[in-house]
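Note that the protein sequences, when read in sequence, are chains A and B. The first sequence stops at residue 433 when you use the UniProt record's numbering, and every number in between is there. The second sequence stops at residue 586 when you use the UniProt record's numbering, and every number in between is there.
A portion of the hints provided could be inaccurate.
Here are some chain B residues the structure puts well away from chain A; computed CB gaps all over 10 Å [claimed, not checked]:
1. 55
2. 82
3. 149
4. 178
5. 181
6. 202
7. 214
8. 215
9. 223
10. 236
11. 241
12. 320
13. 395
Derived coverage of chain B by chain A (criterion: at least 3 residues anywhere in the stretch with Cβ under 8 Å from a Cβ of chain A; other residues may be distant) [said to hold, decoys possible]:
14. 166 to 177
15. 333 to 341
Each computed BS3-like pair below joins lysine-lysine, with the alpha-carbon atoms no more than 27 Å apart [to be verified]:
16. A:157 x B:171
17. A:130 x B:190
18. A:257 x B:267
19. B:196 x A:69
20. A:300 x B:166
21. B:246 x B:257
22. B:430 x B:451
23. A:342 x B:267
24. B:196 x A:124
25. A:130 x B:235
Derived by calculation from the structure, the hints in this document are not laboratory data. Where is the CB? At the ideal position from N, CA and C, for every residue including glycine.
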Amino acid sequence: MNFSELFKQSNQLCKVSPDGKYLATCVQYRLVVRDVSTLQILHLYTCLDQVSHMEWSSDSLFILCAMYKRGLIQVWSLEQPDWHCKIDEGSIGLVSSRWSPDGRHILNTTEFHLRVTVWSLCTKAVSYMKYPKACQKGIDFSKDGGYMALAERRDCKDYVSIFVCEDWHLLRNFETETQDLSGLEWSPNGCVLAVWDSCLEYKVLLYSLDGRLLSTYSAYEWSLGVKCVSWSPSSQFLAIGSYDEKVRILNHITWGKIAQFEHPASIDNTKAEGNFVLSVPELPHPDEICAPPIQIPVVKPDPDRANPKIGVSVLAFSSDSRYLASRNDNMATAVWVWDMQKMSLEAVLEQTAAVRCFQWDPRHPRLALCTGNSKLYLWSPRGCVSVQVPAEGGFQVQSLSWHCSGDFLILLGKDQLCLCYMDEHALVQDATL
Amino acid sequence: MGERWTTETSMENNEISRMSHVMMSPSRQSNLELAYSLSTYSVIGAFCTEDNVPQCLLHINQELASLGLPVCIEASSPEGANLNAVPVLNAVYELLQIHRRDMCTLEEMEKEQMKKSSSLDLIQMTNSRLKDQLELSIREKSGLYETERQLQLKLKTLQRCLKGEKDEVQKLQSIIASRASQYSHDAKRKEREAAKLKERLSQLLIDRKDKKLAIDVLNNLGRSDGKRSQWRTTKATASHEGEMYKFLLCDYEESQKSLVLENAELKKVLQQMKKEMMHILSPCQPSSRGATADEELAESDEDEKTRDSSRDTLDQSCEHAREQLTNSIRLQWRKLRNHVEKLDNQASQVLHQMESNKDMIPFETHQDEMERMRHEVQQCKEFIHAQQQLLQQQLSTSFDDETAALLYDCYTLEEKERLKEEWRLFEEQKRNFEKERRNFTEAAIRLGREKQAFEEDRAAWFKNHFLNMTPFTNRRRCSSSDGQSSLSIISEPEIRMSVKAHKAKASTYTTFSTPKSSRSTAAPSTTDLYRTLRLIPDCSSSMHSNQVWQESSTNGDEDIRIKSKSRGLHCSDLDIFALGEDDSLT
């Protein structure tokens, strides 16, 4: 595996364009656009203030830089570096900003979630969406970019509005049966909208595109409920991670539970037949495959605090829907990989420190994870490997993201970034590293 | 006195036990004895008679003395039966006193005894009563123990329930606590937001210098798909609805399709399974015990099968068909299972039999086979041995080298001769081939030339023919008619010959001809014409054709033919009929 040199970045803002050709990084108030293959700087733009959020448009032609403190947005064009666009939200403030799927509209959420302003770069027109809900995930676009779902709250009741992204026409507006809607997500095929309640009540509702309630799922009452929800890329499964340290899988035909994955602190032979990997960097062979029974260190959370660090908070499906990676917050050093074909545990990757970030390769069933030290860990069904990032001065890998082709990874440190190029055969085919 | 006692005893009838009765009887007996003795005294007679007075007196004195009375009774007269009244009376008085005293004491003693017996009765009664009471109290005690044990158990269960309840309460409390903390956290967050709002509101009210929201764009962008944006009309909104429904329907249709496919596959698998199961079950009918039953079932299965197959094509989704399929699968599986169990039993039985029986027949055949093979082996060995011997003989002969070489030679002499002959033939053939090849090439050259000439002739002939057709050429016709007549005359034998030649070898030779007859340049000769038309092989070419035949023949079997042909080679010109001979030879 090859590593590039280190580049500066700030605020962990580093994104590859959707077509995979360019890499945009923010360094303080500058926006640097590089070519992905040569890493040469192609464009350099200067914003008015330190950039809080940066996003590529879907056609990879424009970059949005948002400065929340100033309430400003600046849009840069790659084709015409002279072209500029500045959106000032004025006194109403700015809390979040994003592109629309067609790459010509910008949606700004004002401070206190008073409204969502839709700016059109084609016509300079403005439209407003009232009463947006301030929650974990209140806006979601369908994968093909045709529809947008917005969570609203009016008169202490939750509503969902579905807009047609083409002309922002309100298609449907319906009330949801939630106490306090916490998030919504489209299925990858765009036909079903999953809506879940806050953690005080375990409730997941499934609505069809035309607003009909398809199904309700509630695993238990009273205890803290849903922590995170994830669709499989094939839209066949909906994985729900909850505070009781379990993941429940619903199927798309009956919307009933077909499997339940538990995260016990001690794993024995009867429960799983997978490989268990222990990563201890000090050993000469850092990746050890241990046989069960295995004990995983558990950190008990403080019971008096809100949002306790317990339960499954991160779920990620591999691109072929074959594997599901999960992390239980009170066993933060372990990442659990489940096989969706056999509906059983495939592997447990235990690290020496808490896992900070993990992500699946968009092409192959390969998982990259980092724990905040200077190593990068890769796992695939054929084996796993850990690589030391060669950098002077110690580069702590705090987060990572894959390139859309699966050829390289972007590793982000505190204020630096590094690219890691995969070997052709690294864990994809039968090869040892 | 006896009567008195009996009455006394009858008074105490309620509380008197048998024992008191028994106890009473000895005293009664004594009383009876006394009464009896008193009565008998008067009846039996006297102790003292007139005769034994002094003896009696003595006796009585003795008795009195033994009793302690100092009285001494004396006789008044030595011979008479008279006594001194005073001592006698004293004695009697004393005796009476004694008697009275005794009676008193007896009474008292009897009284005492009665008292004692009654008290004994009482005690016995109380004893029995107490024993009863004791038994009752023991029973009560055991009953109480039992109840105590049950109560202990109940207590334990209740304690457990209590513990469970406590745990649940604790759990609920913890839930409540977490919810409360969550609520408080949310509430605090909302409060903070409200505070911020208030602050901002106040700020805005104070500031009053609103920064207008505005967008500053260098130039408008085109739409990403290049099209122009449209007005928002009701038609557009309706079309959105339609599109949405279309999208949904497409998705549903896709999923339905995949489900139908899956269904069909599974049904196919089930059908397959059913068929295989039926197949497995059906051949075993004659051998199995319940043959008739199986047959019936098999028949019904066959019916079912045909029915099912016919139905399948019609309504796959019919629930009835589905149910029938699943039921029939279940039925078949049950039969198969039973069958397998039966087979298992049979197999175990057979195994058992085999272990005890030691089958004779297979062993015998095995033995026969072994014998046969041994015999074969023996034969082969002998054969090899003989061969070896002969070989040895050959090799280790005592002849000298020359004769040995000669002997060796004679075996191969015949072969050598044959080989030499063949070599010679081969050399001859080779030579012939060379000659023929040379001739062939020459002929080819000649053919080329002749072809050319023929072409010219043909052209001339056509010209002539054409000209003959015209009314101008009278002269030419005469000459050509001659040619034609000659053609007709000669044609017959030629044709015959050609037929023969065809019989011999209908081959297409590239004809080459040595001009046998002189040709007139004016008109082509008939033979030439026929030759060129390939109706006859050329006469001279027959030689070459022989050569060609020789060339084509490669086998040694045709040596004979070659010899005859070589004969033919040496004659330069062949007559037509000689050719026929040759043909007949071949």
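Against the structure, the hints come out as follows:
1. Interface exclusion of residue 55 (chain B) from chain A stands, the closest Cβ pair being 125 Å apart, more than 10 Å.
2. Listed as a non-interface residue, residue 82 (chain B) keeps its Cβ farther than 10 Å from every Cβ of chain A; the least gap is roughly 135 Å.
3. Distance check on residue 149 (chain B): its Cβ is at least 40 Å (rounded) from any Cβ of chain A, clearing the 10 Å threshold; non-interface status holds.
4. Interface exclusion of residue 178 (chain B) from chain A breaks down, the closest Cβ pair being 6 Å apart, not more than 10 Å.
5. Residue-level check failed: residue 181 (chain B) sits 5 Å from the nearest beta carbon of chain A, not beyond 10 Å.
6. For residue 202 (chain B), the condition that its CB be more than 10 Å from all CB atoms of chain A holds, with the nearest at approximately 13 Å.
7. With a least beta-carbon separation of about 5 Å from chain A, residue 214 (chain B) fails to lie farther than 10 Å from that chain, contradicting its non-interface assignment.
8. At roughly 5 Å, the least C-beta separation between residue 215 (chain B) and chain A is not larger than 10 Å, which violates its mark as non-interface.
9. The Cβ of residue 223 (chain B) sits about 6 Å from the closest Cβ of chain A, inside the 10 Å cut-off, so the non-interface label is violated.
10. The claim that residue 236 (chain B) is not at the interface with chain A is violated, since a C-beta of that chain comes within 10 Å of its own (minimum 7 Å).
11. A beta-carbon of chain A is positioned within 10 Å of the beta-carbon of residue 241 (chain B); the least distance is around 7 Å.
12. Once the 10 Å rule is applied to beta carbons, residue 320 (chain B) is consistent with being away from chain A; the minimum gap is 23 Å.
13. The beta carbon of residue 395 (chain B) sits about 63 Å from the closest Cβ of chain A, which is more than 10 Å, so the claim that it is off the interface holds.
14. With a cut-off of 8 Å between beta carbons, the segment 166 to 177 of chain B has 4 residues touching chain A; three or more are needed, and the interface restraint holds.
15. Only residues whose beta carbon comes within less than 8 Å of a beta carbon in chain A count, and the segment 333 to 341 of chain B has 0; fewer than three means the coverage is violated.
16. Restraint check: the Cα-Cα separation between residue 157 (chain A) and residue 171 (chain B) comes to about 30 Å, which exceeds 27 Å; the hinted pair is violated.
17. Between residue 130 (chain A) and residue 190 (chain B) the CA atoms are separated by roughly 19 Å; this keeps the pair inside 27 Å, and the hint holds.
18. Of the supplied pair hints, the one linking residue 257 (chain A) and residue 267 (chain B) holds, its CA atoms being roughly 25 Å apart against a limit of 27 Å.
19. Our distance criterion of 27 Å between C-alpha atoms is met by residue 196 (chain B) and residue 69 (chain A), whose separation comes to about 15 Å.
20. Proposed proximity of residue 300 (chain A) and residue 166 (chain B) is supported: the alpha carbons are some 22 Å apart, at most 27 Å.
21. With a C-alpha separation of about 16 Å, the suggested pairing of residue 246 (chain B) with residue 257 (chain B) holds against the 27 Å cut-off.
22. Distance check on the hinted pair: residue 430 (chain B) and residue 451 (chain B) sit about 30 Å apart at the alpha-carbon level, beyond 27 Å; violated.
23. Of the supplied pair hints, the one linking residue 342 (chain A) and residue 267 (chain B) holds, its CA atoms being roughly 23 Å apart against a limit of 27 Å.
24. Note on residue 196 (chain B) and residue 124 (chain A): the hinted pairing is violated, with a Cα-Cα distance of about 31 Å set against a maximum of 27 Å.
25. In summary, the hint linking residue 130 (chain A) to residue 235 (chain B) is supported, as the alpha carbons are separated by about 25 Å, within the 27 Å threshold.
Going through the hint list in order, the structure does not satisfy hints 4, 5, 7, 8, 9, 10, 11, 15, 16, 22, 24.
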